Amino acid sequence: MLTTLKYEFMKNRILYAIFLGALAILEVVYLAMVPFYSADSNRIYIPIYLLILAGVFAFFMIFFNGISMFSRDLKSKSGYLVYMTPVPVPSILGAKILLVFLSSIIFGLGFFALGLADLELLSVVAHRSDESLRFILPDLIKVLHSDHMVLFFLKKLVHYALSIFSLLSTVYFSIALSNTLLRGKKFGGVISFVIFISLTLLFGFISNALRVNHMCQNLMEIFFGLLCFIGTSYLVAKKIDL
Amino acid sequence: MSVTCTNLTKRYFTKTAVDQVSMTFEPGHIYALLGPNGNGKSTLMKLLSGLTSRTSGEITVDGHPLSYRDKANIAFAPTESIFFDYMKIRDVGRYYQDYFRDFDPSCFQRLLVELELTPDMKVRTLSSGMLAKLKIAATLSRKASLILLDEPLNGIDLLTRESILHTIIAHADPSRAMVISSHMVEELEATVDTALFMKEGRLILSTDVETLREKEGLSLVDKYRQIYGHGELLKEAM
Amino acid sequence: MDFKSNVPIYLQVIADLKARMLKGEIRPGDKLPSSRELAVTYEINPNTAARIYTEMERQGLSYTRRGIGTFATEDPSVLEYHRNLELKRIIGEFISELESLGCRIEDIPGLIEEYK
Numbered sequence: 001m002l003t004t005l006k007y008e009f010m011k012n013r014i015l016y017a018i019f020l021g022a023l024a025i026l027e028v029v030y031l032a033m034v035p036f037y038s039a040d041s042n043r044i045y046i047p048i049y050l051l052i053l054a055g056v057f058a059f060f061m062i063f064f065n066g067i068s069m070f071s072r073d074l075k076s077k078s079g080y081l082v083y084m085t086p087v088p089v090p091s092i093l094g095a096k097i098l099l100v101f102l103s104s105i106i107f108g109l110g111f112f113a114l115g116l117a118d119l120e121l122l123s124v125v126a127h128r129s130d131e132s133l134r135f136i137l138p139d140l141i142k143v144l145h146s147d148h149m150v151l152f153f154l155k156k157l158v159h160y161a162l163s164i165f166s167l168l169s170t171v172y173f174s175i176a177l178s179n180t181l182l183r184g185k186k187f188g189g190v191i192s193f194v195i196f197i198s199l200t201l202l203f204g205f206i207s208n209a210l211r212v213n214h215m216c217q218n219l220m221e222i223f224f225g226l227l228c229f230i231g232t233s234y235l236v237a238k239k240i241d242l
Numbered sequence: 001m002s003v004t005c006t007n008l009t010k011r012y013f014t015k016t017a018v019d020q021v022s023m024t025f026e027p028g029h030i031y032a033l034l035g036p037n038g039n040g041k042s043t044l045m046k047l048l049s050g051l052t053s054r055t056s057g058e059i060t061v062d063g064h065p066l067s068y069r070d071k072a073n074i075a076f077a078p079t080e081s082i083f084f085d086y087m088k089i090r091d092v093g094r095y096y097q098d099y100f101r102d103f104d105p106s107c108f109q110r111l112l113v114e115l116e117l118t119p120d121m122k123v124r125t126l127s128s129g130m131l132a133k134l135k136i137a138a139t140l141s142r143k144a145s146l147i148l149l150d151e152p153l154n155g156i157d158l159l160t161r162e163s164i165l166h167t168i169i170a171h172a173d174p175s176r177a178m179v180i181s182s183h184m185v186e187e188l189e190a191t192v193d194t195a196l197f198m199k200e201g202r203l204i205l206s207t208d209v210e211t212l213r214e215k216e217g218l219s220l221v222d223k224y225r226q227i228y229g230h231g232e233l234l235k236e237a238m
Numbered sequence: 001m002d003f004k005s006n007v008p009i010y011l012q013v014i015a016d017l018k019a020r021m022l023k024g025e026i027r028p029g030d031k032l033p034s035s036r037e038l039a040v041t042y043e044i045n046p047n048t049a050a051r052i053y054t055e056m057e058r059q060g061l062s063y064t065r066r067g068i069g070t071f072a073t074e075d076p077s078v079l080e081y082h083r084n085l086e087l088k089r090i091i092g093e094f095i096s097e098l099e100s101l102g103c104r105i106e107d108i109p110g111l112i113e114e115y116k
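Residue numbers (my numbering), protein chains in the order written: chain A, 1 to 242; chain B, 1 to 238; chain C, 1 to 116.
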């Protein structure tokens, strides 16, 4: 799976290079503005907010890229090299999901965190208190200055990983299903979307019907994600049509 | 390792691409898969390489059903340009080396030299002839038990074609089966020992090339015309 | 080598090897290439090449020493026999070609004199 992960990354390296470039430029602009900081000018906040915005943007881009590449690999010649390797399908899917998880954290969260760090730096430089940050994420700030920071982030990370897994599995399953049913006819994307919405609603409905508590709800989410993952593996392995 | 299809069928909504094909590919043979476009040759190869799933029938490898593990022993060079855009020729070699234990990097280097390709050429900028040569180099550098070449000579100039055929013969081995699909029947004639004729998804004839000449006095080209020519009586023979 | 289309390829290679033996390019007792090498040199299928020596051996044109290789026959009578066979064939073709142009066998020696 790691080899596949490496090549999934390589296939996308231009995208990541762009993100890295944007990150570098914004950060350099910010750092260049720091020595000239004056309390009455708010211009220095521009690169910071752009950084944070870019983080959000990068996150969505990575996510959509992960989805579109999966879809493309199932329908066109771009998938030949991937699916002719002696790798079990779950491993291939796992690599794709893992890449989205890792790159969304590095770039999405990375941008975001850098933006926050910049704000922190600013408050130090300007001898201001954390007031400017308090506008953004009060809880986060409290945590950053607490002892439970690592645990907090770890918990969030695991939760995020499982959410990405479930979400992507459901999306992949929708795509695989529409691919199998439609055989590459025109409205594949629309059908996938409809299936996805239906599945999500269905899972939500089942969860509610079973009246589960908060903890079990997470487990249900993971369980449905797993079902979709297994379903996708089956469809891709047995119904692939390149 | 022998690969057997039993009543292999691939059906799409609008057509049956492969229709009840039964055939065993034995090691030590070079097969020509013949027939005009649209008669199921590429689909058959994709079925054997696991890129397309069957509708019915079976594919077995030494008796067990075809699985992802068998892809380690089956090498397929499709007609399309399959390599990732960012790749240089050396990246293609790396890719094959990373995934296929039977890949021989020094063989790949040798073939690149013979076929006049260099490792730092960008795949994006290769002409169709060079791309065909690259696919051959990568595929034949794998000591796979079943090698499938889909139209390896298409769009290639004469000298390169001869070069490719020469390479194919040089890499033939008693432990491997090679299947070559092509329109260039005449050029393939001396290279192969068994010819498989497909029509509308069905395997209508499997014959040893020399036997065809001995018994019927026909070359593959003659037989091809006989089978696919207009207004000819079609004999279904196995 | 360019192959004719209605004769088995292995027979055509044998004809070529035989011609070279009769011309003396391949001398009696010379080691012949392995059938694999033949496949590469003549650009033919290895299985097809494998039939070559089997048939040549049957015709007495070569012999195989296990583990060492295949060799051109050293027996001069075999070569003489095949030479005569070939001469007969060529003369036969020659005569029938001329006959098809309207010549009579009796005229042929005269035609040859004129040619010289």
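The hints are simulated quantities; they were obtained by calculation from the structure and are not laboratory data. Since the structure is predicted, the reported quantities are computational estimates derived from the model, not experimental observations. Check each hint, because a few of them may be wrong.
Calculated cross-link-like contacts (lysine-lysine; reagent style DSS-like; alpha-carbon spacing at most 30 Å) [as the list claims (entries may be wrong)]:
hint : chain 1 : residue 1 : chain 2 : residue 2
1    : A       : 6         : B       : 15
2    : B       : 215       : A       : 239
3    : A       : 77        : B       : 215
4    : A       : 238       : B       : 15
5    : A       : 6         : A       : 77
6    : B       : 199       : C       : 4
7    : B       : 215       : C       : 4
8    : A       : 156       : A       : 11
9    : A       : 11        : B       : 88
>> Checking each numbered hint in turn, tell me which of them this model violates, lowest number first.
In response: Of the numbered hints given earlier, those the structure breaks are 1, 2, 3, listed in rising order.
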